[in-house]
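Q: Heads up: the protein sequence lines correspond to chains A and B, in order.
Every letter in the first sequence is one number past the one before it in my numbering, and letter 61, counting from 1, is 61.
Converting from the second sequence to my numbering requires adding 1000 to each position, the first position being numbered 1.
In short, the hints are calculated from the structure, not lab data.
Keep in mind that the hints are not guaranteed to be accurate.
What the hints assert, rightly or not - With a cut-off of at most 25 Å between alpha-carbon atoms, the simulated SDA-like pairs for lysine to any residue come out as follows:
(1) A:Lys-33 <-> B:Leu-1056
(2) B:Lys-1067 <-> A:Lys-89
(3) B:Lys-1080 <-> A:Ile-238
(4) B:Lys-1067 <-> A:Ile-302
(5) B:Lys-1067 <-> A:Gly-276
(6) A:Lys-94 <-> B:Ile-1074
(7) B:Lys-1080 <-> A:Ala-241
(8) B:Lys-1080 <-> A:Leu-134
(9) B:Lys-1080 <-> A:Gly-276
(10) B:Lys-1067 <-> A:Leu-310
(11) B:Lys-1067 <-> A:Val-305
(12) B:Lys-1080 <-> A:Leu-251
(13) B:Lys-1080 <-> A:Phe-242
(14) B:Lys-1067 <-> A:Gly-177
(15) B:Lys-1080 <-> A:Asp-274
(16) A:Lys-94 <-> B:Ile-1005
(17) B:Lys-1067 <-> A:Leu-245
(18) B:Lys-1067 <-> A:Glu-256
(19) B:Lys-1067 <-> A:Arg-250
(20) B:Lys-1080 <-> A:Val-299
(21) A:Lys-33 <-> A:Arg-19
(22) B:Lys-1067 <-> A:Lys-34
(23) B:Lys-1080 <-> A:Leu-310
(24) B:Lys-1080 <-> A:Lys-94
(25) B:Lys-1067 <-> A:Phe-242
(26) B:Lys-1080 <-> A:Pro-15
(27) B:Lys-1080 <-> A:Val-263
(28) B:Lys-1067 <-> A:Arg-19
(29) B:Lys-1080 <-> A:Glu-256
(30) B:Lys-1067 <-> A:Asp-274
(31) A:Lys-34 <-> B:Leu-1056
Stated by the list, open to error - Reference excerpt, derived from the structure (chain B facing chain A, CB under 8 Å, subset only):
(32) Phe-1008
(33) Leu-1012
(34) Asp-1027
(35) Arg-1040
(36) Arg-1063
(37) Trp-1064
By construction, the Cβ of each residue, glycine as well, lies at the ideal position given by its N, Cα and C atoms.
Letter by letter, the chains look like this.
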Amino acid sequence: MIFATGFIVSIVFLPVIMRRMRGLGIVGHDIHKKDKPLVPEMGGIALLIGLSASSLVGIILFPTKSDLLVSFWGTVAIAGIIGAIDDYKPLNAKVKPFLTLFACIPILLMRTYTPSIVFPIIGGTRLTRVYPLLIPVVMAVTSNAVNMMDPFNGVMAGSSTVITATLMLAAIALRRGDAIILCAMLLGSLLAFYYFNRYPSRVFSGDVGSLSVGTALGAIAIMGRLEVVAVVAFMPQIMNAFYGLSSVGRLYERREVARPVEVLEDGRLMARDDPGAPLTLARFVLARGPLREDEAARVFIILSVISGLLAIVTAYLITVAP
Amino acid sequence: MTRRILDFVILLLYVWGCMILGLWAIDSFIVPMSIPGVNRFVLNVVQVVISASMVLLWLLMWRWLAKSMFWRAIRNHQNK
């Protein structure tokens, strides 16, 4: 029911948002196409509307979980507002991660977290004082990691859908009921968005979408007690961020550095051999030769599925931990 | 396409394996560590320094591995 609400509301609102954004001139060039068509931006707003509707249904269906659902919705909404501001007036590369630290305020205020982490093999570790300090960092890392990994049509939505499905399976295996509810809420909206965002994209999420999704995934990891599983499922995003930041040596915005990928005459994408360009995962995937955009997007989804399988193995190692 | 995925899987298994092994090593050897005659605060500092050094080494190796795999792939493609 929660899943269906998120899916239906998002799929109904997406065409409306797309028309509205096109009418307002909020469009972006699809730079990996030869003719660089204009595509409506900020489709993530429909994702947020879907998530809000499914939260409302969740509160009606599970009144005892209202604190959990309200804090989850509040956290995602704050990230969405930061993303919308960034879409409207681009923020500095340092300001945006700093602002996303504050998205977790509802979780901290409503104390909808458990200050312990269960590690594979080792077992549970209580982190009463340190854990609340880690929550803002987790939110900033997940939201910006998802935001950084949106290189080709459908990659952000597709890989986030795989991560959410992985977290849901892990939550079922580990019997984490709260996480199952939160994953169902996000999965419905994400699938609807992926339908419009997959190759060739009819809408872009904008930062309003990518920061919201990243924050939602971070919140599920924290509130659903799936921290370590989430780290493994997030590996493509972590690798992308780590390679990019370590090769450039600082926080950067895409427009500040050399493009990592170029479009060839035949429309295929190729990694640039410019040593100054960031070593992103897209560049890493294209290093062995050019690919069409849909092929490159498919590789990213496969990488997310492989990380998801390893995350499920990690969940199994948690179940056998002492 | 298989080679591209294999490159990623090698790095993924390296990162995941090191993470699991590192957690086990910290839990089994560094946390229970005791040095006779050294007070608790100094011991805790030593434990943090050893753990942080392990993490740093892991990250440096990861970066080196990713960079060398990337540039080798670029060179191989250019030589074709």
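Q: Give a verdict on every hint.
A: Hint-by-hint comparison with the structure:
Between Lys-33 (chain A) and Leu-1056 (chain B) the alpha-carbon distance is near 40 Å, which puts this suggested pair outside the 25 Å criterion. For the proposed pair Lys-1067 (chain B) and Lys-89 (chain A), the alpha carbon gap of about 34 Å is over 25 Å, so the pair is violated. Straight-line distance between C-alpha atoms of Lys-1080 (chain B) and Ile-238 (chain A) comes to about 31 Å, which puts the hinted pair past the 25 Å bound. This hinted pair checks out: Lys-1067 (chain B) and Ile-302 (chain A) have alpha carbons roughly 22 Å apart, not beyond 25 Å.
Note on Lys-1067 (chain B) and Gly-276 (chain A): the hinted pairing holds, with a Cα-Cα distance of about 13 Å set against a maximum of 25 Å. Between Lys-94 (chain A) and Ile-1074 (chain B), the direct Cα distance comes to roughly 31 Å. Violation of the 25 Å bound is thereby established for this hinted pair. This hinted pair does not check out: Lys-1080 (chain B) and Ala-241 (chain A) have alpha carbons roughly 30 Å apart, beyond 25 Å. Between the alpha carbons of Lys-1080 (chain B) and Leu-134 (chain A) the distance comes to roughly 48 Å, so the proposed pair goes past 25 Å and is violated.
Between Lys-1080 (chain B) and Gly-276 (chain A) the CA atoms are separated by roughly 24 Å; this keeps the pair inside 25 Å, and the hint holds. A threshold of 25 Å between alpha carbons decides the hint, and for Lys-1067 (chain B) with Leu-310 (chain A) the separation of about 23 Å falls inside it, so the pair holds. The hinted pair formed by Lys-1067 (chain B) and Val-305 (chain A) meets the criterion: a straight-line CA distance of about 24 Å does not exceed 25 Å. At roughly 35 Å between alpha-carbon atoms, Lys-1080 (chain B) and Leu-251 (chain A) are farther apart than 25 Å, so this suggested pair is violated.
A threshold of 25 Å between alpha carbons decides the hint, and for Lys-1080 (chain B) with Phe-242 (chain A) the separation of about 30 Å lies outside it, so the pair is violated. Note on Lys-1067 (chain B) and Gly-177 (chain A): the hinted pairing is violated, with a Cα-Cα distance of about 41 Å set against a maximum of 25 Å. In summary, the hint linking Lys-1080 (chain B) to Asp-274 (chain A) is supported, as the alpha carbons are separated by about 19 Å, within the 25 Å threshold. Annotation: proposed proximity of Lys-94 (chain A) to Ile-1005 (chain B) is violated, straight-line Cα distance about 32 Å (limit 25 Å).
Restraint check: the Cα-Cα separation between Lys-1067 (chain B) and Leu-245 (chain A) comes to about 13 Å, which is no more than 25 Å; the hinted pair holds. Of the supplied pair hints, the one linking Lys-1067 (chain B) and Glu-256 (chain A) holds, its CA atoms being roughly 21 Å apart against a limit of 25 Å. For the given pair, Lys-1067 (chain B) sits about 17 Å from Arg-250 (chain A) by alpha-carbon distance, which is consistent with the 25 Å threshold. With a C-alpha separation of about 22 Å, the suggested pair Lys-1080 (chain B) and Val-299 (chain A) falls inside the 25 Å cut-off, and the hint holds.
Using a Cα cut-off of 25 Å, the hinted pair Lys-33 (chain A) and Arg-19 (chain A) holds, with the two alpha carbons roughly 21 Å apart. Taking the CA atoms of Lys-1067 (chain B) and Lys-34 (chain A), the gap is near 29 Å; set against the 25 Å cutoff, the hint is violated. The straight-line distance between the Cα atoms of Lys-1080 (chain B) and Leu-310 (chain A) is roughly 34 Å, outside the 25 Å bound, and the hint therefore fails. Taking the CA atoms of Lys-1080 (chain B) and Lys-94 (chain A), the gap is about 41 Å. The hint is violated against a cut of 25 Å.
About 12 Å separates the Cα atoms of Lys-1067 (chain B) and Phe-242 (chain A), which keeps this hinted pair within 25 Å; it holds. With a CA separation close to 46 Å, the supplied pair Lys-1080 (chain B) and Pro-15 (chain A) exceeds the 25 Å bound. Straight-line distance between C-alpha atoms of Lys-1080 (chain B) and Val-263 (chain A) comes to about 20 Å, which keeps the hinted pair within the 25 Å bound. Of the supplied pair hints, the one linking Lys-1067 (chain B) and Arg-19 (chain A) is violated, its CA atoms being roughly 43 Å apart against a limit of 25 Å.
A C-alpha spacing of about 32 Å is found between Lys-1080 (chain B) and Glu-256 (chain A), which places the hinted pair above 25 Å, so the restraint is violated. Simply put, Lys-1067 (chain B) and Asp-274 (chain A) have alpha-carbon atoms about 13 Å apart, close enough for the 25 Å limit, and the pair holds. The suggested pairing of Lys-34 (chain A) with Leu-1056 (chain B) is violated, with an alpha-carbon distance near 42 Å, which exceeds 25 Å. Satisfaction of the interface hint for Phe-1008 (chain B) is found here, the shortest Cβ-Cβ separation to chain A being roughly 5 Å, below the 8 Å cut-off.
A hinted interface residue such as Leu-1012 (chain B) counts as satisfied when its beta carbon comes closer than 8 Å to some beta carbon of chain A; here the least separation is about 6 Å, so the hint holds. Taken as an interface hint, Asp-1027 (chain B) checks out: its beta carbon lies about 5 Å from the nearest beta carbon of chain A, inside 8 Å. Checking Arg-1040 (chain B) against chain A: minimum C-beta separation of about 17 Å lies over 8 Å; hint violated. For Arg-1063 (chain B), the shortest C-beta to C-beta distance to chain A is roughly 5 Å, which falls under 8 Å, so the interface hint holds.
With its C-beta approaching chain A no nearer than about 10 Å, Trp-1064 (chain B) sits outside the 8 Å limit, and its interface hint is violated.
Hint check: violations occur at hints 1, 2, 3, 6, 7, 8, 12, 13, 14, 16, 22, 23, 24, 26, 28, 29, 31, 35 and 37; the rest are consistent with the structure.
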